[in-house]
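*Asks:* Generate the whole structure from the sequences, applying the supplied hints.
Sequences listed follow chains A and B, in order. In terms of this note's numbering, the first sequence opens at residue 28 and continues consecutively. In terms of this note's numbering, the second sequence opens at residue 28 and continues consecutively.
To be clear, the hints were calculated from the coordinates, so they are not data collected in a lab. Think of the CB as a built atom: it goes at the ideal place given N, C-alpha and C, for glycine as much as any other residue. Check the hints yourself; a few may be wrong.
Restraint ranges, calculated between C-beta atoms of paired labels, are given here [to be verified]:
| # | chain 1 | residue 1 | chain 2 | residue 2 | range |
| --- | --- | --- | --- | --- | --- |
| 1 | A | P63 | B | E211 | 46 to 52 Å |
| 2 | B | D101 | A | D61 | 44 to 50 Å |
| 3 | A | G88 | B | N69 | 56 to 62 Å |
| 4 | B | K84 | A | T111 | 48 to 54 Å |
| 5 | B | E211 | A | E64 | 43 to 49 Å |
Cut-off 30 Å, straight-line C-alpha distance, at most; resulting in silico cross-link-like pairs (DSS-like, lysine-lysine) [to be verified]:
| # | chain 1 | residue 1 | chain 2 | residue 2 |
| --- | --- | --- | --- | --- |
| 6 | A | K150 | B | K40 |
| 7 | B | K40 | A | K154 |
| 8 | B | K85 | B | K40 |
Number of protein chains: 2
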Amino acid sequence: MKLILASASPQRKVLLEALGLKFEVIPSGIEEDDHPEPDPANRARDLAWLKASDISKKNPGSIVIGCDTLVVADDGTLLEKAKTVDAARRMIEKQSGRTSLVHSALCVIDLKGKLHEGISSSKVFFKKLSDQEIDWWIGTGQWRDRSGSFQIDGLGQLMIERIEGDYTGIVGLPVYLLGKLLTEAGYPLGKIDN
Amino acid sequence: MKLILASASPQRKVLLEALGLKFEVIPSGIEEDDHPEPDPANRARDLAWLKASDISKKNPGSIVIGCDTLVVADDGTLLEKAKTVDAARRMIEKQSGRTSLVHSALCVIDLKGKLHEGISSSKVFFKKLSDQEIDWWIGTGQWRDRSGSFQIDGLGQLMIERIEGDYTGIVGLPVYLLGKLLTEAGYPLGKIDN
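*Replies:* In structure tokens form, the structure reads like this:
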């Protein structure tokens, strides 16, 4: 039974490997920026489905995992991937000393084309950062290609006091939810029945 | 400035490496089982200090990091490292469907021998596990050498619905707190001033 991760994210690959699963990585060609849905949780769900669906159609006989992770500031602003240093700085300034919400949606498409979907939402509590600390973070460059311009796996952890939710969902692939959906989809995941 | 991690834990080494720091691993000879303090948070603090102190004395001119992680079930029972399959099973059964508390204490000893101490406490919410799931987990063997007989970095994550606190503290080295203590101890940690 072939398993495909429809994502180019190296972090997601690492998390899936940690479960001891054999899988192939085939990133979808879905353009996130083109999607019109503005509600963050619905947007994440839609994008996870679009990505899984895109790859599932091209790879019959596979179980496909689609994922999308979005960050929402506590004033409701959607924080996607910053394209410039200035945009990254504004995102970090907005989150400093505050709590962001991370929605990580999953869509698993099984061998019969049936969808198994869910969303893992977590709170991230940021340290109140000085200008010097924000300069440091922007200087590391590690905000690139990360929703909300932060990361929690590595140096970025120094800015995060605590979380409520699933750490792996914040990284980008909520493992507990994935276990549940893969089991529903008939994929043999050791003997755990999530 | 030489930095020493006074712990044999491979998970702690990985977390410290993720911060891009250069350090040496020198496990202390402290016997955890011999320590008389029963209160979990105080016990973790004492052991972190004893480990750091043991290595600091033998390595003058170094900054030493000592750590201790303890798990407490929601009935207050201290769950240390299980020595047998039966003990591991009892620990997992006790935590199934319930919330455990993980105390991760750090003690950093600076070049002048001054202590910088703190504790990171996190809640871990376990799935209600079936007998078959408990069999599976015990069969993986991954409970060995882990306080509370679970782990959150890898397969064990499939049993954990959510956390409140610092994921890295549950793994064994609370990175946010470490940043704060290393900065207090005068160790140059990039430009972040935790």
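*Asks:* Hint by hint, note whether the structure agrees.
*Replies:* Hint-by-hint comparison with the structure:
Range check, P63/A to E211/B: Cβ separation about 49 Å, and the 46 to 52 Å hint holds. The beta-carbon spacing between D101/B and D61/A, approximately 47 Å, falls within the hinted interval of 44 to 50 Å. One distance hint, 56 to 62 Å for the beta-carbon pair G88/A and N69/B, holds here, with the actual separation near 58 Å. Separation of K84/B from T111/A is about 51 Å and conforms to the stated range, judged on CB atoms against 48 to 54 Å.
Distance hint for E211/B and E64/A: a CB-CB separation of about 46 Å, consistent with the stated range 43 to 49 Å. About 27 Å separates the Cα atoms of K150/A and K40/B, which keeps this hinted pair within 30 Å; it holds. Taken as a hint, the K40/B and K154/A pair is honoured in the structure, with Cα atoms around 24 Å apart against an allowance of 30 Å. Distance hint between K85/B and K40/B is fulfilled; the C-alpha atoms sit about 20 Å from each other, no more than 30 Å.
Consistency with the previously given hints is maintained throughout, with no hint failing.
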